[in-house]
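Student: Protein chains in written order, with my numbering: chain A, 1 to 541; chain B, 1 to 230; chain C, 1 to 324.
Check before you lean on any hint, since a few could be wrong.
Said to hold, decoys possible - Straight line, CA to CA, 25 angstroms or less: simulated BS3-like cross-link-like pairs of lysine-lysine:
(1) C:K293 with A:K236
(2) A:K236 with C:K301
(3) A:K341 with C:K222
(4) C:K309 with C:K206
(5) C:K266 with C:K222
(6) C:K324 with C:K222
(7) A:K540 with C:K51
(8) A:K540 with C:K47
(9) C:K222 with C:K261
(10) C:K222 with C:K241
(11) A:K341 with C:K229
(12) C:K321 with C:K229
(13) C:K266 with C:K324
(14) C:K86 with C:K51
(15) C:K296 with C:K266
(16) C:K261 with C:K240
(17) C:K222 with C:K206
To be clear, the hints were calculated from the coordinates, so they are not data collected in a lab.
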Amino acid sequence: MSTVATAGETPNYLTHERGVKSWLYTLDHKRIGLMYLAAVTLSFLVGGIFALLVRLELAFPGETIMGPDAYNKSFTLHGAMMVFLFIIPAIPGALGNFFLPLMLGAKDVAFPRLNLMSFYVYCVGAVFLVYSIITGAVDTGWTFYTPYSTSTSASVISTTLGVFILGFSSILTGVNFVTTIHTMRAPGLHWRRLPLFVWGQYATSVVQVLATPVLAVTLLLLTMERAFSLGIFDPKFGGDPVLFQHFFWFYSHPAVYIMILPGMAVVNEIIATFSRRAIFGYMFVAMSSVSLALVGFLVWGHHMFVAGMSEYSTMVFSALTFLVAIPSGVKVFNWTATLYKGSISLDSPMLWGLAFLFLFTIGGLTGLFLGTLNVDVHLHDTYFVVAHFHYVMVGGTVMGFVGGLHYWWPKMTGKMYNEVAARIGFAFVFIGFNVTFLTQFVLGSQGMPRRYWDYLERFRPLHGFSSIGALILGIGFFILFGMFIMSLVNGKKAPRNPWGSVGFEWATTTPPHPHNFETTPVIRRGPYDYHLATAEELAKT
Amino acid sequence: MSNSHSANEELHGHHGLPYLAHHFETPIQQFDAAKLGMWLFLAQELLFFSGLFVAYLVFRMWYPEAWSVCSHELDWKMGTANTLVLLFSSLTAVLAVRSAQLGERKATGNYILVTIACAFIFLVVKYFEYQHKFHAGLLPGHYFAPVAGHTISSVFPPGSAAYFSVYFMATGVHGLHVIIGIGVLFWIYLRNAKGEFTKDFWTPVDLVALYWHLVDLIWIYLFPFLYLID
Amino acid sequence: MKEATVQLPRQMSTLAASIDDMYYFIFWVSLFFFVAIIGVAVYCLFKYSAKNHPHATPPGHHDVLELFWTFAPLLLLIPMFHYGFKGYVKAMVAPDDAIEVRVRGKQWAWDFYYPGDTEASPSELVVPVGRPVKMVMSSQDVLHSFYIPEFRIKRDVVPGMYSSVWWTALETTSSYNAKENKVVGEPLDQFCTEYCGTSHSQMLAKVHVVSEADYQAFLSGKDRAPEGKPLEVVGAELFKKNACNTCHTVDGGALVGPSFKGLFGKNESFEDGSSNAVDENYIRQSILQPQAKIVKGFAGKNMPAFVLKDWKLDALIAYIKSLK
Ligand code: HEA
Ligand code: HEA
Ligand code: CUA
Ligand SMILES: [Cu+2]
Numbered sequence: 001m002s003t004v005a006t007a008g009e010t011p012n013y014l015t016h017e018r019g020v021k022s023w024l025y026t027l028d029h030k031r032i033g034l035m036y037l038a039a040v041t042l043s044f045l046v047g048g049i050f051a052l053l054v055r056l057e058l059a060f061p062g063e064t065i066m067g068p069d070a071y072n073k074s075f076t077l078h079g080a081m082m083v084f085l086f087i088i089p090a091i092p093g094a095l096g097n098f099f100l101p102l103m104l105g106a107k108d109v110a111f112p113r114l115n116l117m118s119f120y121v122y123c124v125g126a127v128f129l130v131y132s133i134i135t136g137a138v139d140t141g142w143t144f145y146t147p148y149s150t151s152t153s154a155s156v157i158s159t160t161l162g163v164f165i166l167g168f169s170s171i172l173t174g175v176n177f178v179t180t181i182h183t184m185r186a187p188g189l190h191w192r193r194l195p196l197f198v199w200g201q202y203a204t205s206v207v208q209v210l211a212t213p214v215l216a217v218t219l220l221l222l223t224m225e226r227a228f229s230l231g232i233f234d235p236k237f238g239g240d241p242v243l244f245q246h247f248f249w250f251y252s253h254p255a256v257y258i259m260i261l262p263g264m265a266v267v268n269e270i271i272a273t274f275s276r277r278a279i280f281g282y283m284f285v286a287m288s289s290v291s292l293a294l295v296g297f298l299v300w301g302h303h304m305f306v307a308g309m310s311e312y313s314t315m316v317f318s319a320l321t322f323l324v325a326i327p328s329g330v331k332v333f334n335w336t337a338t339l340y341k342g343s344i345s346l347d348s349p350m351l352w353g354l355a356f357l358f359l360f361t362i363g364g365l366t367g368l369f370l371g372t373l374n375v376d377v378h379l380h381d382t383y384f385v386v387a388h389f390h391y392v393m394v395g396g397t398v399m400g401f402v403g404g405l406h407y408w409w410p411k412m413t414g415k416m417y418n419e420v421a422a423r424i425g426f427a428f429v430f431i432g433f434n435v436t437f438l439t440q441f442v443l444g445s446q447g448m449p450r451r452y453w454d455y456l457e458r459f460r461p462l463h464g465f466s467s468i469g470a471l472i473l474g475i476g477f478f479i480l481f482g483m484f485i486m487s488l489v490n491g492k493k494a495p496r497n498p499w500g501s502v503g504f505e506w507a508t509t510t511p512p513h514p515h516n517f518e519t520t521p522v523i524r525r526g527p528y529d530y531h532l533a534t535a536e537e538l539a540k541t
Numbered sequence: 001m002s003n004s005h006s007a008n009e010e011l012h013g014h015h016g017l018p019y020l021a022h023h024f025e026t027p028i029q030q031f032d033a034a035k036l037g038m039w040l041f042l043a044q045e046l047l048f049f050s051g052l053f054v055a056y057l058v059f060r061m062w063y064p065e066a067w068s069v070c071s072h073e074l075d076w077k078m079g080t081a082n083t084l085v086l087l088f089s090s091l092t093a094v095l096a097v098r099s100a101q102l103g104e105r106k107a108t109g110n111y112i113l114v115t116i117a118c119a120f121i122f123l124v125v126k127y128f129e130y131q132h133k134f135h136a137g138l139l140p141g142h143y144f145a146p147v148a149g150h151t152i153s154s155v156f157p158p159g160s161a162a163y164f165s166v167y168f169m170a171t172g173v174h175g176l177h178v179i180i181g182i183g184v185l186f187w188i189y190l191r192n193a194k195g196e197f198t199k200d201f202w203t204p205v206d207l208v209a210l211y212w213h214l215v216d217l218i219w220i221y222l223f224p225f226l227y228l229i230d
Numbered sequence: 001m002k003e004a005t006v007q008l009p010r011q012m013s014t015l016a017a018s019i020d021d022m023y024y025f026i027f028w029v030s031l032f033f034f035v036a037i038i039g040v041a042v043y044c045l046f047k048y049s050a051k052n053h054p055h056a057t058p059p060g061h062h063d064v065l066e067l068f069w070t071f072a073p074l075l076l077l078i079p080m081f082h083y084g085f086k087g088y089v090k091a092m093v094a095p096d097d098a099i100e101v102r103v104r105g106k107q108w109a110w111d112f113y114y115p116g117d118t119e120a121s122p123s124e125l126v127v128p129v130g131r132p133v134k135m136v137m138s139s140q141d142v143l144h145s146f147y148i149p150e151f152r153i154k155r156d157v158v159p160g161m162y163s164s165v166w167w168t169a170l171e172t173t174s175s176y177n178a179k180e181n182k183v184v185g186e187p188l189d190q191f192c193t194e195y196c197g198t199s200h201s202q203m204l205a206k207v208h209v210v211s212e213a214d215y216q217a218f219l220s221g222k223d224r225a226p227e228g229k230p231l232e233v234v235g236a237e238l239f240k241k242n243a244c245n246t247c248h249t250v251d252g253g254a255l256v257g258p259s260f261k262g263l264f265g266k267n268e269s270f271e272d273g274s275s276n277a278v279d280e281n282y283i284r285q286s287i288l289q290p291q292a293k294i295v296k297g298f299a300g301k302n303m304p305a306f307v308l309k310d311w312k313l314d315a316l317i318a319y320i321k322s323l324k
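Chain A with its partners taken away, still in its complex shape (with noise of 0.2 angstroms):
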């Protein structure tokens, strides 16, 4: 890259305007992924104080801390809060939007009008999300499975509207990273040499893209269903409520690849950062999140196997369903790959990058099980299910997330931030995250049902188990929440390139130059070429 540093005077997007409204009409992509990421760990807080009730309530059979609705209204809160305005904007929201274009030696993405729109959509959508919470919440599960959802008194429509709505931020950001990727990409920057980061990304994007509008045509539905009686899934009109899980699962499968393909997408930079090395099968990996992204939509009939398809169609979803798991693997074997004959360093974004190997393997291949048409009959809708989630998606997209964000801070914010309380708040985690959910795939395997307020005896020491680790989790989180807050306080000032990476992103100035580079780079190598990089490009500044 042609740009480099200079120490001292140069501007930085952070100062280089002040005051309230320079953030709220801002059209700078950096600026708004730092809204996007005090909004999404705002509603990580609250999803997560939510998941704390559950357990608290869970912790002992019987009623504990308190009643079957307010324990209905929890659960669903957590999964709906933590899917629609957690995970699904926090990687493409928050880092993809402040590195997506540095990626791309851009000085913004394709539409940053519509960038800034899609946040403000986005508040607008979880507005509605509190206004519901206010007004008596829902107690659908974050499926909404008519007729439960049109029958129930809760209050359904401001949800869903609400959903419906963060369902349009979701596609516009979607659409402005595909322009990006295709039309903003510096000179030299073919499609071989962008980084992993981005591919995930692109294909998140296509996702997101081509599955949402399906959600919101379904989420439309149910809502006139609720307001005006339509009928198209009530079979008391002629309508069918499996027809709403076709609908609801065609979005919502592919949706779990809008999750997890960001995650994916981070660790790639944190493992061939800290191995100091490609990634290995670079155009393999590249294409195995596309492939996961087209063959992602043909799956979705496998959170269907007892709902009542008819035999032939379970047997095409359950095989396909297979498929999906191979790209997966892909990634899984060439990270490991990447490690062999790298220099491994564990600093502490390394850490949460091998958390997300680690846990996200156990999270996927537990993932076969349910893919079995046979064992899935057993393990559907038990605790099994809800553990194989959190591994994917705790497990996956949150390691990957707060990775990237250990890995990214210091571009981010100028600062560093405190490496031993890091490693602490991480042990916490990962400790507390198995505690928490390794016991609930015996549990759900020893044949206990999801979304349950009471239990059997029988189930009571595992959930008792369960309940301390989510304690454990919350600490670690709470110690992390709180180192980076001090980092913003009193952290150290942070060098141009601290972790001594080739990737183009940190190339610039720290903090970023409000329009990203000085001057358009050029690219003439690939984003992880260790063996390529000038001393000086390497060193750790």
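Add chains B and C with the ligands to chain A, keeping to what the hints say.
Tutor: What follows is chains B and C with the ligands alone, placed relative to chain A:
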């Protein structure tokens, strides 16, 4: 098109063009980005409507008799009229783009106005159709209560309520798109009147026309599905 | 029959063994891959740490290796798919000679109808050992799902359509006690596994597996009123069994419906503005035709209608009377 852009760039260099946003290097880049963005948006729209089409097809398979009976309740003459109106408006939208490319501001404005007028005609016809359905009690789901004398058929097979649910959802959402279309067309009309578009910069006109074609295209599918085949 | 393991409950049906075999097959495959991947990773962390290996070797091209690990896993995935599907189809198609029990799911209880029955036997299912039994299931309101872990069966219960599960139980859990006209033992738990609202976690039933002779004895005795027990005690049992307790409390607190505390004899007012005293006939009507008179403040919270034999109504009324 792209020729005119690159020629333009040689003349002016890339600074100081009023319409070139700062984060783009060249007008071509800006144009490509806008166009691609619009196509992605349209893809998104198609998938949105595909949900409604799937609902239509599923119920059609389940309730063939109801579908046959109910499709006769729709007025194919009004449907045809509306189809022609929309087709014509697509033509005027194309003509608007062409005049914009040629830098004929006046003509561009007029074509846009004609397009908007067509959109209004479409809505008016739609209004009369809806009004008739309301009178006849041909309403979705729970509200489905045919009024004898106002309907063509006297017996409605099971599933008829679902037909009108699909009918109102599909045409309603489409109608909403027409209304939004009127809004953006009018906005483009104003920008054109202010002289924002030139031979070298007419991207917004092009994009709005693309959107309008999509609205048209969806109707081209809705029309035979709902009105014609039984 | 195989006893419970750490991971899986007891195998109590003929379907269980093949499902468990698949489970353990996937388990060992997964464990192998997990240990291999994490093993290699941990090895590299030491062997190729920045200290031990300061200069990373740039990777070259390894297309053969890539293709190998892209396609080799298929060798394991194909059998998972194949045997999984075979087992699934087996679990879907009940043998022709299966006993058919109709099941009705409703918020929040299970009603069972033995062959020929028109009156429901709620919350407790008695089935014979060694014979295929099929549940023909429907729902009165929202989605439910029928799950018995020990049998490894599960199926959603969907309003507007029938679905079914079947099994052949391997061993008895309970036996028929002629003196008390009751099946006693250690029944299996049956769960509702599709979220269905407030008391989803209370929508449980007990499943007794008994010998063929006991099953017949149970069938012929099940409509006889129990003897030698005070009527209100029988009523209290029925109150639980019919899941009245998922909507009504007996301590004054309102749940979905009004509490029964002090109900009898009080003057009840209704949605339509009328009112009358609560007597036997009113309670009878409230159970058989709950929509006839809607208690004030409970509009829209529909109580389902029950079909109950007279002795059961007597017992329930006696029980409600006793709640002062
Ligand atoms: C980040 C989100 C995420 C991800 C990535 C996945 C990944 C996968 N999921 Fe998961 N899933 C969810 C989120 C996710 N899932 C959620 C939220 C639910 C529940 C929703 C609800 O009901 O509320 C769910 C539920 C769910 C079900 C339905 C269960 C049920 O309700 O009965 C199924 C069934 O097939 C399934 C399968 C899979 C499979 C096969 C993968 C695969 O993509 C995994 C592939 C990865 C690997 C296999 C590991 C790495 C590979 C190797 C180490 C190679 C070697 C191994 C071999 C191939 C043999 N998932
Ligand atoms: C991204 C998605 C995501 C994430 C991150 C999580 C995180 C967690 N989840 Fe959740 N979960 C879901 C998605 C997610 N979950 C979904 C989709 C469902 C299904 C819902 C449904 O069935 O409809 C579900 C359901 C679910 C259940 C099952 C409920 C049931 O079926 O009855 C349980 C039970 O243990 C659970 C637990 C947890 C726990 C302990 C965490 C922990 O990891 C949470 C850790 C975070 C915190 C503890 C916050 C920490 C922060 C602080 C404490 C800081 C203090 C605050 C300030 C300083 C302001 N989750
Ligand atoms: Cu019935 Cu859950
Ligand atoms: Cu899925």
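Student: Each hint needs a verdict: does it hold in this structure or not?
Tutor: Hint-by-hint comparison with the structure:
1. C:K293 with A:K236: Judged against 25 angstroms, a Cα distance of about 24 angstroms means the pair holds.
2. A:K236 with C:K301: Between K236 of chain A and K301 of chain C the Cα gap is close to 18 angstroms, so the pair holds against 25 angstroms.
3. A:K341 with C:K222: violated (74 angstroms)
4. C:K309 with C:K206: holds (22 angstroms)
5. C:K266 with C:K222: violated (34 angstroms)
6. C:K324 with C:K222: violated (31 angstroms)
7. A:K540 with C:K51: With Cα atoms ~16 angstroms apart, K540 of chain A and K51 of chain C stay inside 25 angstroms; holds.
8. A:K540 with C:K47: holds (23 angstroms)
9. C:K222 with C:K261: violated (30 angstroms)
10. C:K222 with C:K241: holds (14 angstroms)
11. A:K341 with C:K229: violated (80 angstroms)
12. C:K321 with C:K229: holds (17 angstroms)
13. C:K266 with C:K324: Distance ~11 angstroms between K266 of chain C and K324 of chain C Cα, so the pair holds.
14. C:K86 with C:K51: violated (53 angstroms)
15. C:K296 with C:K266: holds (14 angstroms)
16. C:K261 with C:K240: holds (16 angstroms)
17. C:K222 with C:K206: holds (16 angstroms)
Of the numbered hints stated above, those contradicted by the structure are hints 3, 5, 6, 9, 11, 14, listed in ascending order.
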